[in-house]
Structure formats: C-alpha cells, structure tokens
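Chains as they are written, first to last, in the working numbering: chain U, 1 to 238; chain S, 1 to 350.
Worth flagging that the hints you see were computed from the coordinates, not collected in a lab.
Keep in mind that the hints are not guaranteed to be accurate.
Unchecked claim - List of simulated lysine to aspartate or glutamate pairs, EDC-like, C-alpha gap at most 20 Å: (1) K188/S <-> D131/U; (2) K215/U <-> D225/U; (3) K55/U <-> D209/S.
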Amino acid sequence: MTPVIETRNLNVHFGGVHATRDVNFKVAEAELRCVIGPNGAGKSTFFKLLTGQVKPTSGQILFRGQDISDMQPHEPGRLGIGIKTQVPSLFNGLSVWENIWLSARRVNTAEQSERITRQTLERVGMTAYRDTIAGLLAHGLRQWVEIGVVIAADPPLILLDEPAAGMSDAEVARTAELILEINRQHALVVVEHDMNFIRMIAKKVTVLHQGAIIKEDMPDRIMSDPLVQQIYLGKKPH
Amino acid sequence: MSAALSFGIGIALLLGLPGVLDDYTLIQITIYAVMSILGVSLGFIWGFGGILCFGQAAFFGLGSYTYAIAVMNMGDSTMPFLLAIAVPAVFAMILGYVIFYGRLSDVYMGVITLTVTLILFNLINSTAGPEWKIGSAALGGFNGIPAIPTLNVPGQPDNVLSPKGLFDLTFVCLLVVYLGLRMLISSKIGRVIVAAKENEQRVLLLGYDARAYKLFSFTLGGAIAGLAGCLFANWGAFTSPTIFGLAQSAQIIIWVIVGGLGTLVGPIVGCVAIQWLTMQIGTQQIFNSNLVLGAILVVFVLLVPRGIVPSLGSLAEWTYGRLRRRKASSSMPAARAGAAPAMAAAEEST
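Could you put the whole structure together from the sequences, leaning on the hints where they help?
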C-alpha cells in the first residue's frame, strides 16, 4: 500500500549547516508516528520540508505517491497535509469560530462549513470560547484551537509539532485522548519532547539526531536503547 | 455601522441634499464624495488586506488621465468611463503580480508603489510639448489637460450630466463601492483577505494561495481609485500631474489614519474632515495648510492611533457599559425593597 507520506534521501542545507541528512521516512495511512530528538535535531525543519515551507536541497517528498518536493507553500495544505506548528499559529485578531471556519470553508460549502465548525469546536472542547478572540486565549487553549483548525479541513495527514508543550498534566492527558481520537480517521506525525506523553500515544517512534534518522522502533525499545539514552536523554551507555 | 443603516443614510443624503443645498455647496460635496471613494480604496487594501500602498494616487491619476484622453478621442463617455476603471486595475494587477508573486516584503511594497507614483508624475510632467498627443488629446505636461468633456448619458454624447447629475452619480458610486466592499469583506474571499493580513503563513498552511487573494484586493483597490480619478476629472473638467504627486499620496494615507484603519466608514470620515479643514485653512493667511495637516497626523498617530471611527465606537461602548451598570445598581435597592416584604411574609409563614 502506498504510504501517505514518504521521503527519499531527503537533504537540506542552510549555508554550511546540514539540517536534514538522507532522511528516508514512511508513514502509512491512519498510522500514528512520534518523532523525537534533542533540540536542534531537525524535527521542525523536517516538518517545514513536508509542508513546503522549506525546499529540499536534494531528495524527494511523496504524498500518496505524488512528488511534492517542489510545490508552492500553499499546495501541500491544499493536497491534504495539515500542520499544527510549534508556536501556535492562529489568526490572532479573529474569533475562535472564524479561525476554524476558515479552515473548514476551503474544502466545504458555506452550509457544511458551519456544521463542521460547530462539530470541531465540540471535538476540541472549545465551544464555550467560540466568540473569543484567538489572541486573547491562554497557551493551552490556543494549542487546542490550532488542532481544531487543522482537523476542520479533514486532511489525510496531520503533523503536530509539540502539541502538549506548556500544558498542565490534565491538559496533556486530554490532548493525548484527542490525538488518539483523531488517529481513528487520520494519519498523524507528532513531534514531542515529553516522554510521558509519547508513552500515552505512541505506537512507533522515529529518533532524529543531527538531521538524520538514527532509530525507528516501538516506544519501549526506543526508551531502553543505549544510543537513544545517550543522545536524547543524556545518559551514558553502561 | 450596519449595512442597512449605511444604505439608509446614503439614500437620505442622495435624495435630500440636492433639495436643500445650492449648486456651489453641491459641487463641494461632490468632491468630498469623489475623494471619499479614493480614501475607501486605500482603506480597503490597507485596513483589511494589510497592504500599505504609498501609490494609490498613481491609480487615481491613471483613471483621471485615461478618462480624459479616451473621452477626447471617442466623444461618447461610456467607454472612457469603463476604461478609467479598467486601465488602473490592469496596471495594479501587473504591479501587484510583480510584488506578491515575487514575494517582496512590505518595505519593498511601499518603496515600489511610491517610486511608481513619482515616475508617473515625472513622466506626465515632461509631456508639455505639442508632440505629446494621444489622438486628439494633448497631454499638456505640467499644465495638465483642461476642458475635459463631462460624462454623458450612455449613447447620447450631447446629453451631459449637470452638477446635480454628477453629484447623484458620484454618491451612487460611493454607496455602491462602500456596500460592495462590505459584502466582499463578509464573504469567503473577504475573510481570507483579512486572515492573510492577520497571519499569511497560516493562510498558506491551510491551502489558500495568499498571493492570489492579495493580488485580487490590490487590483480591486486600483480599480476603485481609477473610478475616483474619472469622477475627479469630471468634477473639475481638468486633470494635471499634481494628482500623481507626493502630497496627494500622503493625503490619502492621512485620511485613513485619521478616520480609522480597519473600517470603511473611517476613510470617508477622515477624508471629509481633512478636506473641509484644508478648505477652511485656505481661507486664512496665518497657518500653512500642510503644516496643520502634518500636525494633525502626528497628533493622531501619538494620541488617537486607532483613528476617529474606532475610537468613537470604543467610547460609545464604554458609555453604554457605564449606563447599564449604573441602571443595574440603581435598580438593586428597589429589588431589595421589593424582596423585603416577601422575605418577611416567608418568615411569618414559617
């Protein structure tokens, strides 16, 4: 079966910095993959490559078999790749409703968009904030609004960059539930630092280090891997 | 302001003013309405599209010159009227394509639009010789083009508009532009234009081509400014390179800042207020009008940065909130007084 997203020998250079090195990465339809790595491992750059915000120096990105390596920045979103960025990226001057409606409206009629926006607000638990200006919300609520913005367009592939960052334990647990619920219909790639959160949601984990994939395995094996512990958790192998 | 209210006020002014005002005042109000259309064009692309164009005067001037040249060659004013809108629109589309599809930053946007305006100013200014003619229309260089034929009833070149007819047409144009833009802003296209101003990156990530939406709003702004230019040429039967000048470009920006960015009524209020003030200052010899305009701009930027209309809106909301709170607190003792006998009765019954 064709993977929903695949990269082949993906490389990107920023001047003298080799930010992504020969990355070969595959995610199947409806899979949930977590990507971990220390700061500067190239996780956010990798997401930027997948969403057309950064062009690869060499290599290929295939979305459902279609080469999207050289697309304009708006085209991956149109094809069906949704992203929640590391720093919440919302329309701060618009209401929560308008933020989600704009996403739904791109692919739906006006009537459908109203219904989808209402349903999405319920899914992410933000109905009470529908008329609140997005820029006035607290960080955790903004994260949920952005997840709502992404899922309202019903994309086959969703990229979530640190969805639980800055959240309380209760909020983290609720976000994990939400992600597992979204995963029933969508493939997800989740970048996260919080290992407890990874344990809650992950079925397979990819480890990035200095722009390259060094390991791909089940969460428990990744956590106990000496190399991962050394480079990610800062522990020396015994 | 609601669309119905705006429409009602517009129609009332359109029908009521000609009956109570003399021709001179009517002509004065016509120029206010012409310039208001120009102000709204910038108010739309800047306030809602986030595009600070320093060269809105370029499209205004192009509309004015296009009408003048075309009507002098064609006689009937129907096609020149349409050309005066189409030519600045196409010019704005080409300029916008280079800027938006070339992914130039906002700073370059300002520099390019200002430079284009000044190039047009110098270009038209240097066409004074008799060899500078397009058909039967002499461009006239710094002297401008005088005796521009007034708009006529379509298909009847001899049936030209009276001052009242021009007032009616200008007011209808202002009303159509205002209500049309209101409808556009509340549509899907309008919401995306506003969203792109808020966060262009997010618009792209959602799959909207932000460049196309910006180009559309910029082109529409050019077309509206062209319409204003055409009406301006009709108002005075004259046009000159000064309308491409720095002063004109700066004035439009001041109207929008003073009236209120992010509203469509604001640029109209700002335009009328500043135009009226400029005219009043012109009747005396003590103050220089440019100095006063500069002072007003500084005062508004520092003290009323949101402009007249949004500030009045906030003031009205604040006053209404205070009145509601006062009403609520004054009704509380009465409520308590009313509750007291009931409580006493309840105590008695227990």
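Results of checking the hints against the structure:
A C-alpha spacing of about 18 Å is found between K188/S and D131/U, which places the hinted pair at or below 20 Å, so the restraint holds. Distance check on the hinted pair: K215/U and D225/U sit about 9 Å apart at the alpha-carbon level, within 20 Å; holds. The suggested pairing of K55/U with D209/S holds, with an alpha-carbon distance near 17 Å, which does not exceed 20 Å.
When held up to the earlier numbered hints, the structure conflicts with none and fits them all.
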